[in-house]
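Enquirer: Each chain is listed here by its residues.
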Amino acid sequence: MKILVPIKRVVDYNVKVRPKADESGVDLNNVKMAINPFCEIAVEEAVRLKEAGSATEIIAVTVGATNTQEQLRTALALGADRAILVETDIEVEPLGISKVLKAIVEKESPDLIIMGKQAIDGDNNQTGQMLAALMGYPQATFASELKISDNKAEVIREVDGGLQTISINLPAVVTSDLRLNEPRYASLPNIMKAKQKQLDVINSGDLGVDLNPRISTVKVSPPPEREAGIIVESVDQLVEKLKNEAKVIS
Amino acid sequence: MTALVIAEHDNNELKVSTQNTISAALKIEDDIHILVAGLNCNSVAEEAATCEGVSKILYVDSSEYENFLAENMSSLIKNISTDYSSILAPSTTNGKNYMPRVAALMDVSQVSDIISVESEDTFQRPIYAGSCIATVKSSDSVKVITVRTTAFDASPKGTGSAEILKLEEVNDAGLSQFIKDELAKSDRPELTAAEIVISGGRGMQNGDNFSLLEGIADKLGAAIGASRAAVDSGFVPNDYQVGQTGKIVAPDLYIAVGISGAIQHLAGMKDSKVIVAINKDEDAPIFQVADYGLVADLFTALPEMESKI
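Protein chains in written order, with my numbering: chain L, 4 to 253; chain D, 104 to 412.
No lab work stands behind these hints, which were simulated from the structure alone. The C-beta atom is built at its ideal place from N, Cα and C for all residues, glycine as well. Keep in mind that the hints are not guaranteed to be accurate.
Claimed, not checked - Over 10 Å on every C-beta distance to chain L, these chain D residues come out as not near it, computed from the model:
(1) Asp243
(2) Lys260
(3) Ser264
Stated by the list, open to error - Only some residues are given here: those of chain L computed to face chain D with a beta carbon under 10 Å:
(4) Lys53
(5) Asp126
(6) Thr168
(7) Ser219
Produce the complete structure using the sequences and hints provided.
Expert: Written out as structure tokens, the structure is:
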């Protein structure tokens, strides 16, 4: 079984980002970049399937500028076998990304695509579902458990009310939730080995895919600030404030 | 023009998130139709027909829609989408699951999780866990939108009288099968609809200690939530999680107990009207968003609070 893992380069989750002073976008000067945490979980799941003997090859793919090779190398260090960068300098929307991924899926014919449920920058939560739609594949989003057998995947999904189990035919798209697994750290020898692994670069223009944006950003502004509160001295004072000042309990 | 709102329901009753979505839709279009798709969900269609501002209910009753599988729901929505200029669903796990699939089938981009409508094509949405608010303009001829329900008041229900049109639409893609749901049973209000929420974090130390929150929740009629740390540690199930990737809540009162206040948690609760933080670490970031902070050991503060409310 061949697994494709699309990943994204994002601002590290510990960084507190701010809008630019002119509100034209997000200030990304000199911020630490990393592989999107949900994508890391997706890579880990693919590696575990390979270690368990269910998968034979793992291909990591991303769409972005030359520097996204860093995150592909991270995926290779975690256990992906080879990587593909579809290079573009424009910021591509989830719909465009899913069209690029469709072209890669058609070329590579993976049996399973595992990817993060959302990227922590745009918080869109769209690309996996869109890719599944364009391919006519089934989807299992927000996965917290994945079992493969007989050309099917049984997936436990995290839903609002609790957990839902579904079975999907392969090939399919699975998107990872937080509790699918706990990703490993790449070891130093594996980081060194990753530098030798195959990384192909494809120019996005060569895929003949429409990447024109449909959504334009008018401005990016800071969220409304909360006014500073007070520290109360005791439970008595807290209960008194909630009753008489905030009037939220009676 | 007309907007289509996809109803969120459980085949028995309409969820209030549908009414929040109607409010958002009414800011974009004057006329609203609602799709009620499910199995044996006639009562939901009748309930939806009483929502104000709605002129028609498209009602589809068939086993393929019983569990709202994305493949079947997205084909259905795409098939009936032709007459609409906007299609909206709440940002529930159902809406998040099938709406991007609808958008891709229609070759349009989706605008996720809107928190305000600036005009018929311009919307605000949070990005980077709410650290920034983006104002975005869609050039697509049909807008496919998911709605952050906490940002819109529920539109009224009970007085409208929309026409119910039953459709015979069968779309079994045959790609996926529902096996089972394991849904939490609780007498408490739903987390996303509760007026008061009390949440526990890593500081609770274990699942048994959540009983300290339950006593207070029972007295206040509150729902119980948790931080990601508490869920990852196995203290409570995943449906308790409040945050960037869990549930978004905005109750009148949010009480955070033993929660440090990582930005990913704040993203899920900082629009609450009044925030209380109880934490023994006075430097915890949660105090920066709290209206009332109490620096105390939760194991003494909680029993005392329960006895005094």
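Enquirer: Hint by hint, say whether it matches the structure.
Expert: Each hint tested on the structure:
no., hint, result
1, Asp243, "violated (5 Å)"
2, Lys260, "holds (20 Å)"
3, Ser264, "holds (30 Å)"
4, Lys53, "violated (24 Å)"
5, Asp126, "holds (6 Å)"
6, Thr168, "holds (4 Å)"
7, Ser219, "holds (5 Å)"
Consistency with the previously given hints fails for numbers 1 and 4, ordered from lowest to highest.
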